[in-house]
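Chain U: place on chain F using the hints.
Taken in sequence, the protein lines are chains F and U. Numbering follows our numbering, in which position 212 of the first sequence is assigned residue number 578; successive positions increment by one, without gaps. Numbering follows our numbering, in which position 101 of the second sequence is assigned residue number 176; successive positions increment by one, without gaps.
Bear in mind the hints are in silico, worked out from the structure with no lab data behind them. From a predicted model like this one, the values you see are computed outputs, not experimental measurements. Every residue, glycine too, gets a C-beta built ideally from N, C-alpha and C. You may find that some hints are simply not true.
[Claimed, not checked] Rough simulated footprint, nothing fancy, chain F against chain U, three-plus residues with beta-carbon under 8 Å:
1. 102 to 114
2. 151 to 157
3. 187 to 198
[Claimed, not checked] Cβ pair distances, simulated, as ranges:
4. Thr526(F) x Ala148(U): 34 to 40 Å
5. Ser475(F) x Asn199(U): 34 to 40 Å
6. Ser589(F) x Ala168(U): 48 to 54 Å
7. Gln627(F) x Ile182(U): 23 to 29 Å
8. Asp467(F) x Arg209(U): 45 to 51 Å
9. Arg532(F) x Asp207(U): 38 to 44 Å
10. Arg607(F) x Gln208(U): 39 to 45 Å
11. Glu107(U) x Glu508(F): 24 to 30 Å
12. Glu120(U) x Pro620(F): 39 to 45 Å
13. Asp524(F) x Ser102(U): 41 to 47 Å
14. Glu508(F) x Asn199(U): 36 to 42 Å
15. Asn127(U) x Ser443(F): 51 to 57 Å
16. Asp400(F) x Glu120(U): 52 to 58 Å
17. Arg209(U) x Arg607(F): 32 to 38 Å
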Amino acid sequence: MVVLASSFFVFSGCTTGEVPADSEPVDPQVTPVDLSGVWSTNSFDTLDNPDWDIVGQFSSRLTTETYEHLQTLLYDSTNDHLSATEIIDALEEHTFAVIDDRLTETGRSVGNAFDLADDPAIQCESFGIFRTVLHSDPIEFEVLDDRIIITGEDLTVDRTVYLDGRNHPEEGVKSPIGHSIGWYEGRTLVVETVNISSNLADDSLAIHNSDGAKGLERYTISSNGRNLDVELTIDDPVMFREPLIIKRPRVLTPNVELDRQPCESISGQF
Amino acid sequence: MVLGIPCASAHHNFAAHYRTEEIVEISGVVTEFRFVNPHARVYVETTSVAGNIEVWMVEGDASVALRRSGWSADQLKPGDRVEITGNPSRSGANMLGWKTLRLADGIDIGGGSGRLEERLSILNASLSRFRDQRDR
Numbered sequence: 367m368v369v370l371a372s373s374f375f376v377f378s379g380c381t382t383g384e385v386p387a388d389s390e391p392v393d394p395q396v397t398p399v400d401l402s403g404v405w406s407t408n409s410f411d412t413l414d415n416p417d418w419d420i421v422g423q424f425s426s427r428l429t430t431e432t433y434e435h436l437q438t439l440l441y442d443s444t445n446d447h448l449s450a451t452e453i454i455d456a457l458e459e460h461t462f463a464v465i466d467d468r469l470t471e472t473g474r475s476v477g478n479a480f481d482l483a484d485d486p487a488i489q490c491e492s493f494g495i496f497r498t499v500l501h502s503d504p505i506e507f508e509v510l511d512d513r514i515i516i517t518g519e520d521l522t523v524d525r526t527v528y529l530d531g532r533n534h535p536e537e538g539v540k541s542p543i544g545h546s547i548g549w550y551e552g553r554t555l556v557v558e559t560v561n562i563s564s565n566l567a568d569d570s571l572a573i574h575n576s577d578g579a580k581g582l583e584r585y586t587i588s589s590n591g592r593n594l595d596v597e598l599t600i601d602d603p604v605m606f607r608e609p610l611i612i613k614r615p616r617v618l619t620p621n622v623e624l625d626r627q628p629c630e631s632i633s634g635q636f
Numbered sequence: 076m077v078l079g080i081p082c083a084s085a086h087h088n089f090a091a092h093y094r095t096e097e098i099v100e101i102s103g104v105v106t107e108f109r110f111v112n113p114h115a116r117v118y119v120e121t122t123s124v125a126g127n128i129e130v131w132m133v134e135g136d137a138s139v140a141l142r143r144s145g146w147s148a149d150q151l152k153p154g155d156r157v158e159i160t161g162n163p164s165r166s167g168a169n170m171l172g173w174k175t176l177r178l179a180d181g182i183d184i185g186g187g188s189g190r191l192e193e194r195l196s197i198l199n200a201s202l203s204r205f206r207d208q209r210d211r
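The following block holds chain U by itself, in its conformation from the complex:
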């Protein structure tokens, strides 16, 4: 989605760095969470199929926007197990623009680029209420 109608509060488009039409999934352990501008970032250590340890950098929404949603610098901690889906980097580096981020308890804490899933949840609920009231 290039137009960004459900846009992030990012100062540039994620499509600059990530293939927004593709989704990949990784799972691993958080080694660092950086609550920085322009985008929050999580470093995750994963183990490849061949048994090699890999480090991924995962970028989310703008830290300013996340802070307004109640996020803090200790939202994620080293050692947290995570499952992440996101858009792979255009460069081929181990980077993702995250879309969903699930903790070990299976809960998706959101916060990804564009907050798309979270936005769609609100919009679909509004749409349903609107249609009900419109037709009364």
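One chain only, chain F, in its complex shape:
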């Protein structure tokens, strides 16, 4: 039996940070699923990948509530008059409505004051943890016995997720990437992250996180090993009245190689 973490971390009825009572004890030496490889979002160059279903092709940074709305838009034939553009617009409107309803006064105030021109990424400042998880570029999982290394492109940050049963440091230093530990629940890799410094959580969604935020990622691999359901929960009572859950599915793309070009802060300048 491996104790994975302290038990303080609770998300909307889903307790994490310790092995759930109904889960099999996890031996970090035995990896029940293999996440190794490069996984891509539905970016343009992989949008026609045959492993995408129609829901996946339309899914990008959707709240779980909006994801359900998407199913209705697609499977209820009364919506068949909608074009792809109109579905995208409907998803955008729905996602922003969910987020707006979820924001605290502080979260709303910070979001309203945000100007995309002030995005630190324009000056080549690396992303924080949440933006890294939600970003559109491919990521690569390197699965080792005691940890997983997750690398990406562009301004995303490389991450180490410890699987050796360690706890989070009690007096950990806060950083944009925080401290991550993980464990398996069946076909799902669960990653819990704390000690996260305040940051722009996602530019397109115009959401920010405070330095009290905690993250929970769930990477669930399909039975054929080619689809990865990715769900990020941001638990941040300063910014959100309730945890915000955002989905970001990926497909396995063995032919894609990560390409890390140096950042040049020349965008938007003549």
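Same frame as chain F, now just chain U:
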């Protein structure tokens, strides 16, 4: 479109620099194509209604994403005639975030910010196939 559901592989949102709700069109001659990170850029010489020569800088999708779509550093060459639609800059400078880029033969080679038109083409085709199969 701020949310970026059909997002570019850009490391920041084009709305940071461009008025994404507005579209303008320019035509002219390519003077330089720079296949650089974070966004490919084309410099285009145009002639204004008053007869003045103007130089525009036009930004497209991330070079990494374009390379994966088969683009190369010689995708555009000095002297190529182009017609471009795109979002004008917030600053008022002669800059566009391009949406469509047509060569002299009238073909839109895509590659613009968000790849929106290209993405919509794929999504509409998928949607049509899905609805056909769903109702069988």
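Consistency of the hints with the structure:
{"no.": "1", "hint": "102 to 114", "in the structure": "holds (count 4)"}
{"no.": "2", "hint": "151 to 157", "in the structure": "violated (count 0)"}
{"no.": "3", "hint": "187 to 198", "in the structure": "holds (count 6)"}
{"no.": "4", "hint": "Thr526(F) x Ala148(U): 34 to 40 Å", "in the structure": "holds, 35 Å"}
{"no.": "5", "hint": "Ser475(F) x Asn199(U): 34 to 40 Å", "in the structure": "holds, 39 Å"}
{"no.": "6", "hint": "Ser589(F) x Ala168(U): 48 to 54 Å", "in the structure": "holds, 52 Å"}
{"no.": "7", "hint": "Gln627(F) x Ile182(U): 23 to 29 Å", "in the structure": "holds, 28 Å"}
{"no.": "8", "hint": "Asp467(F) x Arg209(U): 45 to 51 Å", "in the structure": "violated, 31 Å"}
{"no.": "9", "hint": "Arg532(F) x Asp207(U): 38 to 44 Å", "in the structure": "violated, 52 Å"}
{"no.": "10", "hint": "Arg607(F) x Gln208(U): 39 to 45 Å", "in the structure": "holds, 40 Å"}
{"no.": "11", "hint": "Glu107(U) x Glu508(F): 24 to 30 Å", "in the structure": "violated, 39 Å"}
{"no.": "12", "hint": "Glu120(U) x Pro620(F): 39 to 45 Å", "in the structure": "holds, 43 Å"}
{"no.": "13", "hint": "Asp524(F) x Ser102(U): 41 to 47 Å", "in the structure": "holds, 44 Å"}
{"no.": "14", "hint": "Glu508(F) x Asn199(U): 36 to 42 Å", "in the structure": "holds, 37 Å"}
{"no.": "15", "hint": "Asn127(U) x Ser443(F): 51 to 57 Å", "in the structure": "holds, 56 Å"}
{"no.": "16", "hint": "Asp400(F) x Glu120(U): 52 to 58 Å", "in the structure": "holds, 54 Å"}
{"no.": "17", "hint": "Arg209(U) x Arg607(F): 32 to 38 Å", "in the structure": "holds, 37 Å"}
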